[in-house]
Amino acid sequence: MKLKYLKNVASIKVDTEKCIGCGICFDVCPHDVFKIENKKALITDKDACMECGACKMNCPVDAISVNSGVGCAAAVYGSFFTKSEACCGPKDSSNDKCCC
Amino acid sequence: MHKINNNKPHWIIGFKDTDSKKIPVVSTKLSTKDILSGWIVRWRFYRMNYKIKEGLYCIGEADNNSPVFVTANYKLTFDRLRKELHGINAWILVLDTKGVNVWCAAGKGTFGTIELTKRIRETNLEKIVKHKNIIVPQLGATGVSAHIVKKLTGFKVTYGPVEAKDIKVFLKNNFVKTDEMRIINFKLKDRLAVTPTEIVMLIPATIIILAVSVILNFIKYRIFGPALFTDFIPFIGALFIGSVIVPALLPILPFRSFALKGAAIGLIWAVLISLIDFNYIKLIFNIMLLTPLISFIALNYTGNSTFTSLTGVKIEVKIATPIFILSILLGSILKILNSFNII
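As they're listed, the protein sequences go chains A and B. Sequential numbering of the first sequence, starting at 1, is according to the numbering used here. Sequential numbering of the second sequence, starting at 1, is according to the numbering used here.
To be clear, the hints were calculated from the coordinates, so they are not data collected in a lab. Where hints are given, some of them may not hold.
Said to hold, decoys possible - Computed spacing ranges between beta-carbons, pair by pair:
{"#": "1", "chain 1": "B", "residue 1": "L192", "chain 2": "A", "residue 2": "K18", "range": "22 to 30 Å"}
{"#": "2", "chain 1": "A", "residue 1": "E37", "chain 2": "B", "residue 2": "N173", "range": "18 to 26 Å"}
{"#": "3", "chain 1": "A", "residue 1": "T82", "chain 2": "B", "residue 2": "D19", "range": "44 to 52 Å"}
{"#": "4", "chain 1": "A", "residue 1": "L3", "chain 2": "B", "residue 2": "N173", "range": "22 to 30 Å"}
{"#": "5", "chain 1": "A", "residue 1": "S65", "chain 2": "B", "residue 2": "S20", "range": "47 to 55 Å"}
{"#": "6", "chain 1": "A", "residue 1": "E17", "chain 2": "B", "residue 2": "K33", "range": "51 to 59 Å"}
{"#": "7", "chain 1": "B", "residue 1": "D19", "chain 2": "A", "residue 2": "N8", "range": "40 to 48 Å"}
{"#": "8", "chain 1": "A", "residue 1": "D15", "chain 2": "B", "residue 2": "I325", "range": "39 to 47 Å"}
{"#": "9", "chain 1": "B", "residue 1": "F175", "chain 2": "A", "residue 2": "L3", "range": "24 to 32 Å"}
{"#": "10", "chain 1": "A", "residue 1": "S65", "chain 2": "B", "residue 2": "E61", "range": "44 to 52 Å"}
{"#": "11", "chain 1": "A", "residue 1": "K18", "chain 2": "B", "residue 2": "D63", "range": "38 to 46 Å"}
{"#": "12", "chain 1": "B", "residue 1": "F175", "chain 2": "A", "residue 2": "T82", "range": "23 to 31 Å"}
All C-beta atoms in this analysis are idealised placements derived from N, C-alpha and C, irrespective of residue type, glycine included.
Next comes chain A alone, as it looks inside the complex (with noise of 0.2 Å):
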C-alpha cells in the first residue's frame, strides 16, 4: 500500500515549455510522481510528492519548481522560534547546519 500524506498540497510544477524529456526527475523521484510521456516530464501523482526536491536539483534545465525542504514538524516548530528555515534534529556543534 502506497502511503499518501496531504491532499493536494504540494507545490511541485513542471515547465512542459523548458522540459527536454531527458526523465532524470524520473529517475531520482523515489515516489514515482513524473511520467515522460511524448518526451515530456508529466506529474501523475503530484499527493505521492515530499517536495525532497531531488528532480529540481537534477533538471539541467531548470523545468521544475518546488518548495523544497525537509517535511519534519520538529523542523517547522523549530523555525518558528529561531526564524530560520525549517531543519530537524540537534544541530551539529562542528556545524551550524543542523542534521536530522
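We have chain A; now place chain B onto it with these hints.
Same frame as chain A, now just chain B:
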C-alpha cells in the same frame, strides 16, 4: 598489503598501493564489534559522532576499471554499503557528511554537489580509475546536481538504487534500476527504526510526569497510594502509543494528516483509560490532555516518515498547534481543580 598499524579502525584490513597513495582496503564482513556498536548507536540520545574518515576506500581487488560508489561518512551507512559489496571489486568514495546518513545529509546539502566535487578532486579519482562514472545512491540526488558534477569534474553520475541491498542486482542489470529499486518503502521495520532513540528521548518527560502525578495524587488523597497509577498510566501509555503504536499502525490509522491520525487513536485511549473508576470529569480532562499529547507526538513523527512534504507539515502545524495549546490548558485546569477536590 602493508603492515597493520594500531590506530587504524579494525575494519581496515590492509592498504592498496596506487600511483598517488596508499588506499585503505576495507572488509566486507561486519564484525561483532561493528554490529554491537551499531545497536548502541541506535539507543543513544543523539546518533552523533558515529563517523568514519572521508576519502577513498578499496573493496576487494579494485583496479582502474572498477565501479566507484559514493556514500556518506555515517558508519552505519558505510557498514551497510561495504557488506553489500562482498565479492565485488569496487571503490568507495566517502563524503564528509558530519556523520549523517545520505538522505538527511543530502537534504542539508552536506551530501552535495560541492562536497562530491571536492572529494573527487582531493582523492585524484581520475588517476585511480580510467572510466568517468560514479554511482551515487538515489536518495543523494536531493543534494547533488548530476549535470553540474559532470561539468565540474567530467564524472557522470549514475543514480544507484535507494537501498544498498539492491546493488548486486543493479550491477548485474548493467547499472539499470528496476521500478522497485527507485521507490522508497516505509515498511514496519523502517517505521520503527528510530523508535529506540525516541524512547530514550522520552525518559525526561516520563520522570516529569511521574513527579507531577505523585504531587497531584498526594494533594488529592494525602497518601502515596495505588491511585497514583490511575494518574500515571494514562500519560505513560499516551507516550508509548504516540511513539510506538502510531508508527506501527501508520498505514491503517484513518486520515492522511498525522495530527488527525494521532488524535483518532488518542481519543480511543482517553476514553478507554477513563473507564477505570469512571466519572465524567475524568473523562473530559483525559480527552483534553491525552488526545492532543498523542496527536502532537504523531505530528512530530512526520520528521521520521519518508513521504510528508514541508508544505503539508506547515499546514498541519498551523492548524493543530492552537488547538493543542487550548485543549491542554483547559484540561490541565480541570485536572488541577479536580485534584484539589474543587470539582
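Hint check results:
no.	hint	verdict
1	B/L192 / A/K18: 22 to 30 Å	violated (42 Å)
2	A/E37 / B/N173: 18 to 26 Å	holds (24 Å)
3	A/T82 / B/D19: 44 to 52 Å	holds (49 Å)
4	A/L3 / B/N173: 22 to 30 Å	holds (27 Å)
5	A/S65 / B/S20: 47 to 55 Å	violated (42 Å)
6	A/E17 / B/K33: 51 to 59 Å	holds (56 Å)
7	B/D19 / A/N8: 40 to 48 Å	violated (57 Å)
8	A/D15 / B/I325: 39 to 47 Å	holds (41 Å)
9	B/F175 / A/L3: 24 to 32 Å	holds (29 Å)
10	A/S65 / B/E61: 44 to 52 Å	holds (46 Å)
11	A/K18 / B/D63: 38 to 46 Å	holds (42 Å)
12	B/F175 / A/T82: 23 to 31 Å	violated (42 Å)
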